[in-house]
Every structure is written in structure tokens, then in C-alpha cells.
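Novice: If you want the building blocks of each chain, they are given just below.
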Amino acid sequence: MMRYSGFKVIKEALTGHKGWTPAWRDPEPKKHYDIIIIGGGGHGLATAYYLAKIFGKANVAVLEKGWIGGGNVGRNTTIIRSNYLLDGNEPFYEFSMKLWENLEQDFNYNAMVSQRGVLNLCHTDAQRDAFRRRGNGMRLNGVDAELLDQEGVRKLAPFLNFDNARFPIKGGLLQPRGGTVRHDAVAWGYARGADQRGVDIIQNCEVTGFKIENGKVLGVETTRGFIGANKIGCAVAGSSGKVMAQAGIHRLPIESHVLQAFVSEGLKPVLPGVITYGAGHFYVSQSDKGGLVFGGDIDGYNTYAQRGNLPVVEDVCEGGMSIMPMIGRARLLRIWGGIMDMSMDGSPIIDKTDIDGLYFNGGWCYGGFKATPASGWCFAHLLANDQPHSVATAYRFDRFRKGLMIDEKGMGAQPNLH
Amino acid sequence: MIINHPLLGPRDSQEFVYLGDANLIDRPDWAAEGAVDTFHDYLYQRTNPAGLHQELWFHEQGDRSWLVVTRNTLTHEITKVELARDVARARGRSK
Chain X
14 MMRYSGFKVI KEALTGHKGW TPAWRDPEPK KHYDIIIIGG GGHGLATAYY LAKIFGKANV
74 AVLEKGWIGG GNVGRNTTII RSNYLLDGNE PFYEFSMKLW ENLEQDFNYN AMVSQRGVLN
134 LCHTDAQRDA FRRRGNGMRL NGVDAELLDQ EGVRKLAPFL NFDNARFPIK GGLLQPRGGT
194 VRHDAVAWGY ARGADQRGVD IIQNCEVTGF KIENGKVLGV ETTRGFIGAN KIGCAVAGSS
254 GKVMAQAGIH RLPIESHVLQ AFVSEGLKPV LPGVITYGAG HFYVSQSDKG GLVFGGDIDG
314 YNTYAQRGNL PVVEDVCEGG MSIMPMIGRA RLLRIWGGIM DMSMDGSPII DKTDIDGLYF
374 NGGWCYGGFK ATPASGWCFA HLLANDQPHS VATAYRFDRF RKGLMIDEKG MGAQPNLH
Chain S
288 MIINHPLLGP RDSQEFVYLG DANLIDRPDW AAEGAVDTFH DYLYQRTNPA GLHQELWFHE
348 QGDRSWLVVT RNTLTHEITK VELARDVARA RGRSK
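The listed protein sequences correspond, in order, to chains X and S.
Per the working numbering, residue 14 is the first one in the first sequence, and the count goes up by one each step.
Per the working numbering, residue 288 is the first one in the second sequence, and the count goes up by one each step.
Since the hints were derived computationally from the structure, they do not count as laboratory data.
One or more of the hints may lead you astray.
Claimed, not checked - Just the calculated beta-carbon pair ranges, DEER-fashion:
(1) X:Lys415 / S:Ile312: 24 to 34 Å
(2) X:Lys302 / S:Leu306: 34 to 44 Å
(3) S:Leu306 / X:Ser18: 26 to 36 Å
(4) S:Ile312 / X:Leu323: 41 to 51 Å
(5) X:Pro171 / S:Glu347: 55 to 65 Å
(6) X:Lys281 / S:Ile365: 19 to 29 Å
Unchecked claim - Okay, the calculated bits of chain S under chain X, using three or more residues with CB under 8 Å as the criterion:
(7) 288-296
(8) 337-346
(9) 355-362
(10) 366-377
Said to hold, decoys possible - Residues from chain S that keep clear of chain X, each with C-beta distances beyond 10 Å, as calculated:
(11) Asp299
(12) Asp316
(13) Ala319
Glycine included, C-beta positions come from ideal geometry on N, C-alpha and C.
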């Protein structure tokens, strides 16, 4: 097992970089595992990592249909934050934030966690009241939140379009501990950490069916043969409907939607942190390479195609131009889409299913990346102990039936509006 | 996406608002036995297919009609567009 360090980098630089070894193995699948995780994305790999590290379960496999980190963990806009209002959410996301803060030391991998601050702009008095309420909700949960007036915002981001006639910037809610993370490195770091602790990461292995007898799951059929397991965790947000249908669960409180993301050409440093527009839907940060990374709304119709349509491109760019006209001359480098599990209340699900031994992690809407560490930890907790983690007790399937929705946006059961 | 409106011809999907699965037409009877379960399923459960999907679109910036659009969720290809009124009547609603 190779440990990465500054010393190691210098040593390899002086010896022709001949000492680097693969970061994880490429094992053949075994006949049987204690636990199988379906989905080698951020959440699946984090689950495997914490299962091995915290819960002492090493006989674990992660099955990935393509290559690890090729799905939504490599497609998001890399923002981390814990600025939620509701009690069902905020302790969970703060748990995630605390794991982010110590993540690189924990898994010995440079994930470029950068707490450069997340600033939500407000444009009306009513919105400022709502922000004050949310900030207070955050503080009640021990999370940092600062309500800024216009002068406070001006100090942080003097380039914004403060005196827009229609949507003047009146202030903002700042979470200084929010920021960005190098998203691919999160998948790679978790994969390497899990692999070092004995987890088999099996790529190019698509699940094609489940073996279920007497209501108990016994294993999965895959493109690389049958693999048995005592417990199976499904962490495939975006494809939840497809994978769960193979287990005979054809209806979920989830719709699949496409969210587009955008990167501009590289620019000199202009943005201090993450900035979100309060009148439209637009959020932007600047990567260390200089590209502006931004996004907006989902396209708004059910789809499994990993590409969106032009109306949303126009809408997002209008949002950007509205708050920072200075980016008008920047050219777009890339646009891509990722498939989101949009749930009925905009909040995720980490729960058992009706099938014994089959566990579900999904419904992350478009906020799954920031949740990666906590999602992995809580899903590992559920898989290992058959009990939800204390910060994830609200993320149950039956919350809709019981009227315990966690509806941050107050949109009701219309997934494309969350 | 272009939606071929049965009355108005091809229109840009931007003129429409999307609601979701066309099964929302089949609102359950609130007074029936087991209405709690059927309403739970009606409101919160979706089949979310990868392939052909029947869905409700509202022509908000047009003639304000509701349409049932049959669209492939893998390719975005639209194969059929009907007035939701006709679909609902064919299913025995609002006689």
C-alpha cells in the first residue's frame, strides 16, 4: 500500500516517476460477498470505504457498469454546502460538511477541498426574510451562516450587477465553510481507500437482474456472471428506476430528469467563491484551472438521455448575464448533462426496501455531490447495522404516506419543480 | 423538442409547461375503500420508464390546452400527441 505525500512526489520526480503503482486493483469478481454495492459513483464508493473503515466489513464488492466516477460524480458542479433549513436535512448535510473538512487526511488523497464560501443572493425584502430564517435554522444546528447586507456582498463580489432595475441585489446569505471539491478525486480517493481495505471494485460489470427467493435477495446477475451476496445496496441515483425495476420494484417516488452543467474557457481569477442567483436559477464558481463552472434548472421533463435541450441553455446564460454581465464575452467550452433522481419532495432516500437484504440509496435530486461522504457513511451504517444513522432517520420511503415530507422548496409532489 | 399540437401544428416545447406522467388523469375516488393507499400511489409513486412515456404538457403560452404526449425518454423522440380531454374521455372521465 502506497502512501501519498509531498516527500513521495519529490522522490518520484527525482527517480523518473517509476515507483507509482495503480491506485486500486482490477479484481475478478468472487462467487459471493457479504455486501454488494451497485454503483461505483461517489456514493457507492464512499459506502464501501466507510463499510470497510468504520464498520469493519471488508468482504464487499462495488459493481460499476462502466468505469468508476463516470456518472454523476464526474458531472456535477462540485459545490459543497450545508445551508438547509429543515431539521430532517440540516444535521445530515452538516455531518457531510464535517467529513469533507477532514476528508483528504482521512483517505490520503488530494481532493482539493476548498472552503471558499457559498453566497446566496437575495433580491427582495421577502427573500431576505426567508434567508434570515434559513440562516437562523442553520445556526440552531450549529452551522455557520452570515446574513450580509448589500455592502457586505459588495465587499466580497464588487463585480455583481447590484442596481439591476428588475432584480437589485439586496444582500445575501453566506456560508463561509461551503466551497468546492475536485469531484473526480472524490471518487478516486474513496476507491483507493476502499480498495486498500480489501473492497473489490469491479468495473465494466453491469447488473442485469436480481435473484430473489421468498422475498430475500440472494445475489445479482451481471454481465460478468452471477454474484451472490447477503446484502445488496443500490446506489445508482439517476438510474434508480431502471435498476430497481430489475428487482421487481417498478414504482418509486422518483422521476429521472436531466440537469445540464457548463464550463467556460479559462479566465483569470474573478470569482472568490460560489455565488448563486436568487431571482433566477443560476450558480457559479471558478475552477482552479480558471473555467467558470455553472448551472441552473433541470430541463423539467422525464428523461434518461444524458443531454438536454437549448431552452435551458438560454435560461441559464440569461441568469448569468443578469447578475454578472462581465461574463458576457466569455465563451462556453463545454456543456453536458447528467440524469438526476428527482424525488417527490426534493429530498433523498436512504432506506431498506420491501425485499429482505435489498437496500436503497437514491433520490438525490441535483444535490447529491455535497452529500457524498455522509450518504456513504449513513448507507454503510444502514447496511452494517440494519438501523438508520441518527442524522438520516428522515430519509425513509414511508415519509410520503405518513405526511413527513422534507420539502425544502415547498413545491409539493412535482419533482421537476424541486 | 417540437410538440406537434393536434390543433395548432408543430410548436416549440418552450411554450409548454410539463406536469408529468399522464396517469395523473386517473384521479382516484376519494370516497372509495382504501383511498389512502390509492391516493398515496397516485400522488407519490411513478413508473418512470426508460423508453416510451405518456405525459401531460400544458400549452401555457398557446391555447392553454392540456396534451398527452407520448415521448421516448431515451431519445426525446415524440411519437404521438393527443388532447388530454380526448384521452380522459376515452378512459371514461367527465362523461
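Novice: Please go over all the hints and tell whether each is borne out by the structure.
Specialist: Quick rundown of the hints versus the structure:
A C-beta distance of roughly 26 Å is found between X:Lys415 and S:Ile312, which places it inside the suggested range of 24 to 34 Å. A hinted range of 34 to 44 Å holds for the C-beta pair X:Lys302 and S:Leu306, which are about 40 Å apart. Separated by about 55 Å at the C-beta atoms, S:Leu306 and X:Ser18 break the suggested range of 26 to 36 Å. Distance hint check for S:Ile312 and X:Leu323: the Cβ-Cβ separation is about 30 Å, which falls outside the suggested range of 41 to 51 Å.
In this structure the supplied range 55 to 65 Å is violated for X:Pro171 paired with S:Glu347, their Cβ-Cβ distance being about 39 Å. For the hinted restraint 19 to 29 Å between X:Lys281 and S:Ile365, the CB-CB distance of approximately 44 Å leaves it violated. With a threshold of 8 Å between beta carbons, the proposed coverage of the segment 288-296 of chain S by chain X is violated, since 1 of its residues qualify and at least three are required. With a threshold of 8 Å between beta carbons, the proposed coverage of the segment 337-346 of chain S by chain X holds, since 3 of its residues qualify and at least three are required.
Coverage of the segment 355-362 of chain S by chain X holds in this model, with 4 residues showing a Cβ closer than 8 Å to a Cβ of that chain against a need of three. With 0 residues carrying a beta carbon less than 8 Å from a beta carbon of chain X, the segment 366-377 of chain S misses the three-residue requirement, and the given coverage is violated. Chain X draws S:Asp299 into its interface by the beta-carbon criterion, the shortest separation being 8 Å against a cut-off of 10 Å. Listed as a non-interface residue, S:Asp316 keeps its Cβ farther than 10 Å from every Cβ of chain X; the least gap is roughly 19 Å.
At roughly 17 Å from the closest C-beta of chain X, the C-beta of S:Ala319 stays outside 10 Å, upholding its exclusion from the interface.
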